[in-house]
Amino acid sequence: MVIIGGGTAGWMTAAALSSTLSRAHIDVHLVESEAIGIVGVGEATLPHLRHFNRIIGIDEAEFMAATRATFKLGIEFVDWGRIGDAYLHPFGAFGIERNGVGFHHLWRKFQHEPATGPIGDYSLPVVAARDARFDIPSEDPRSVASTYGYAYQFDATRYAPFLRAHAEQRSARRTEGRVTAVERDPESGDILAVRLDNDLRIEGDLFVDCSGFRGLLIEEALETGYEEWTDWLPCDRAIAMQCEGVGPLLPYTRASADRAGWRWRIPLQHRVGNGHVFSSAFMDEDQARDRLLATLEGPALTEPRTLRFTTGKRRRMWNHNCVAVGLAGGFLEPLESTSIYLVQAAITNLVELLPPDRQYAAERAEYNRILDNEFLRVRDFLILHYHATTRDDSPFWNHVRTMAIPDSLAEKIEGFRHAGRVAEYHQGLFLEASWLAVYLGQGIVPQAWDQRLENVDEDTLREELRNLRQQVQAAARAMPDHEAFLNNHCARGKAA
Amino acid sequence: MKLDPGRPLRSVVIAGSGLEAWLAAAVLALRLDGRRVDITVCPVSGSQDWDGLYTALPAWPGDLFRDLGYSDLKLATLADASFSLGTRVSGPGLEAVIKPHGPVGINVGGVAFHHYWRRVSTRLTPDDYFRYSPGTEALRRSALAPPVPANALGPLQHEMVRHVDPWALQKHLRHQAYAMDVREARGPLAEVQRADDGRIAGLTTTRGEKLSADLFVDCTGPNRRLCSEASAWEAAPLSRAAWLWAEHEHRDAAPLPWSSLSGTEAGWKAVFPRGTEEVTLHLAGDRTTGEASGTPAGEAPGNPRGNAVPYHIGHTPTPWEGNCVALGSAAASVLPLDGLPARLLMNMVQRLVALLPGRDCHPAETLEFNQLSAEDAREANHLGTLYEAWRQGHAPREAAIDGTLPEPLALRVRLFARRGWLSPRDSQLVPEDCWRAAFILLGVIPDHHDRLADRIERDQVEENLLALKHKVRQIARTFPAHDEYFAAMQATIREARP
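From first to last, the protein sequence lines are chains A and B.
Here this note's numbering is used: position 215 in the first sequence is 215, and no number is missing along the way.
Quick note: to get this note's numbering, add 1000 to the position in the second sequence (first position is 1).
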């Protein structure tokens, strides 16, 4: 198995394959060139990464110390629904379901009563994040302290080297070199080998293209084609830079809407990652850079660096004997920290569907079906952030607010607006709590709530709300300060 | 409830006389409170003729009967329930094999048990695979015990299906619904009035009673008396318009602790234990050609509740149209495998409760209901098509290549055949255990196991499987003989009866 590219996607793939599969079955060979820098996307992650790290045998404390990581309880969205608004998309539930009726129906019923408060008051990760507190979730399912998950914010440029060491210890091989040619079987069209600038020829049965946006194998060699989604997600540039952190170390990422896109803020142990994602059709690069510089909270540590991208995905993520992972497979802006998740989904499915022989048409069809579904569902969720707004302060917001959206999303929004119904599915990344956070955070409020609540005495329901809110507040107060917890946790990692 | 002004949904009329109608009425009344929403059941002659489909009630998280307070004992008391731990399946090229209900073996490290079994077992037969379930081992000894934590092997817990008299259960559901203020119309349905836009304007009974409602629920079985004529029906691949009928036979001895399913040249025969009877459900013949092969002669062949009734496996993609929603066999007809008709019905009733509009029916709710229900129906019918292909003499492996099976199903078969892979799906109607058991039962033994199963040394896997088989036998030995269990249950019932 030959992996082309040694960035985050490449080394995640190598680490996963070499850690989970027997060496007798698979030879993992990664080709990379030190002359090519890594994009290092995805400093902010989703809770799924914990599972990935655990499966490949990475110690959390060691990983956090090595990558200067912080804990993450969610993503704060500022100025999205309208200027001045802010909400947190937490990695956890809002309230507790009541006899099959979602908590948000109960909250909606009493929303207009002052004692009810915002729905975030019923979510432990929201309350804890606001107070910059953090603790590992409880394993007792009866405890409110078990109702959330967590992720990391880390230095992506340190993650790849960390994984490299891990993968090489487990038999993955690395070859230095830049790919100069791709040899294909004239009959089947499959890739036979790649040639490197140092005259090496690397053969493989299956190739994993982790070469980034360029798609050295999947696009340049195999001409797979790309499905663009720029009509719905018009941002096509990102400027990234780092600065010193100021103030408490927050356990969440912030995404602030801007005039032609949005800005990210990702607090790490040693610095803050900043970026400005924007649409070049609505703002030029100089203006975008100025906006980013003007909003830095501390002294700049790096020069601004611009990335260009086209939102969308390859028409086939697995074409012939080549699987595209990471940016080579597609790109969705990191508004919901999905970049590393999509890499992980690609790798997990590849490991599970790794063909035992060369007759793998069925595996390829299944892999493409699953990955297409993943991308489409994330796409719809991202579009929601732009479309669900009342902002009319710039041509960009007027465009996204009024644009036609995919039917699949329009139906979901209508179902929620009409009756508080969150579309039900089991495959795909974002489930009910995530959709709720964005709907309610951006002003899509259901016109009705579940009728089943009408069978219950209102004072009983109010009492339940009050009790739950108190439990959440108490649980948050019992959590340690994020920075203190982190220092203690990472000290163990360093010692290890 | 609607916040802004508008007429809230205040009345529901359910058309039907069978278990589907009374279950829907009881659940709606329980969940919505009959005082706020008027629920009326309009009887429909003959709609209970399909109730035989609900002879098998699987125990699963979506079990509405448990919500309505029907314990196993209550079902045995009121609906003559007997219990089974598995199904004895026979058919073309397959001598009877006992397939247990529920899971087989224990997954390790995120890798399903069947991969470990595939890797080290020297006897790759369905019979050997199913012996990693306490249910199978108990059945081999004619023993039975309900699943309780004390007889679980860690995460491996056998499952028990309840086999009831659906007509008796329907009667009790009716009493229960009455107690919750559900009203029954005077006289059966005579006519459906439609407005110009195709929506139902009202129903008229034979006694002249006129029923109007905000929402109409069609529980009239495959006749679909309330659905519009334009409503589409997608027949399942390989299916044909057949006949469905039931026969009852008295048993002097205690019932057997398993059900059986036979695929024959004429069609399907499912036998269920029930109280002191055996109930045989036939799905056979060919209604479209008039061929009556295997169908009973005469008007009422041993079925006191009706004649053979038409049944065509398939579903409608739009069970909810306008102000009418079809439930159960009016929306989807599925093979009576693994309790699928009951699972499908309960899912639809629950979905209706969750989506019941606060006011006039809205496209958002109908769309959601239709999408999810159609996904469930397709999932059930894909499983049915797999069995049907096998019954018709197509080995699933070959049928997945030669175009006999529809492509989405064929891909699933090919993936399982190659590597034991089960395609993840949004619909949760058919549990993975059912798919896995069906594939292995029908001879689709994976060519390769998941390589992640190689993370454990082969010797260790062999040792683990041997130990598991031993523990399964041990736990099954603690189950009482089924005769004893049945006798004890009957004694309890006699004491409980007034």
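Just so you know, not all the hints are guaranteed correct.
[Stated by the list, open to error] Partial chain A-side listing against chain B, Cβ under 8 Å, derived:
| hint | residue |
| --- | --- |
| 1 | V182 |
| 2 | P356 |
| 3 | N368 |
| 4 | E411 |
| 5 | I444 |
| 6 | Q451 |
[To be verified] Label-pair ranges, simulated between beta-carbon atoms:
| hint | chain 1 | residue 1 | chain 2 | residue 2 | range |
| --- | --- | --- | --- | --- | --- |
| 7 | A | N198 | B | N1107 | 44 to 50 Å |
| 8 | A | N99 | B | G1110 | 46 to 52 Å |
| 9 | A | H399 | B | A1152 | 56 to 62 Å |
| 10 | A | D140 | B | A1190 | 21 to 27 Å |
| 11 | B | A1230 | A | I96 | 57 to 63 Å |
| 12 | B | A1496 | A | D140 | 54 to 60 Å |
| 13 | B | R1036 | A | E228 | 33 to 39 Å |
| 14 | A | E228 | B | T1264 | 51 to 57 Å |
| 15 | A | D231 | B | G1110 | 48 to 54 Å |
| 16 | A | D392 | B | G1110 | 34 to 40 Å |
| 17 | B | D1402 | A | H426 | 42 to 48 Å |
To be clear, the hints were calculated from the coordinates, so they are not data collected in a lab.
For each residue, glycine too, the CB sits at the ideal point set by N, CA and C.
Each hint, compared with the structure:
no.: 1; hint: V182; in the structure: violated (27 Å)
no.: 2; hint: P356; in the structure: holds (4 Å)
no.: 3; hint: N368; in the structure: violated (11 Å)
no.: 4; hint: E411; in the structure: holds (6 Å)
no.: 5; hint: I444; in the structure: violated (12 Å)
no.: 6; hint: Q451; in the structure: holds (6 Å)
no.: 7; hint: N198(A) to N1107(B): 44 to 50 Å; in the structure: holds (46 Å)
no.: 8; hint: N99(A) to G1110(B): 46 to 52 Å; in the structure: violated (32 Å)
no.: 9; hint: H399(A) to A1152(B): 56 to 62 Å; in the structure: holds (58 Å)
no.: 10; hint: D140(A) to A1190(B): 21 to 27 Å; in the structure: violated (59 Å)
no.: 11; hint: A1230(B) to I96(A): 57 to 63 Å; in the structure: violated (44 Å)
no.: 12; hint: A1496(B) to D140(A): 54 to 60 Å; in the structure: violated (38 Å)
no.: 13; hint: R1036(B) to E228(A): 33 to 39 Å; in the structure: violated (50 Å)
no.: 14; hint: E228(A) to T1264(B): 51 to 57 Å; in the structure: holds (55 Å)
no.: 15; hint: D231(A) to G1110(B): 48 to 54 Å; in the structure: violated (39 Å)
no.: 16; hint: D392(A) to G1110(B): 34 to 40 Å; in the structure: violated (49 Å)
no.: 17; hint: D1402(B) to H426(A): 42 to 48 Å; in the structure: violated (32 Å)
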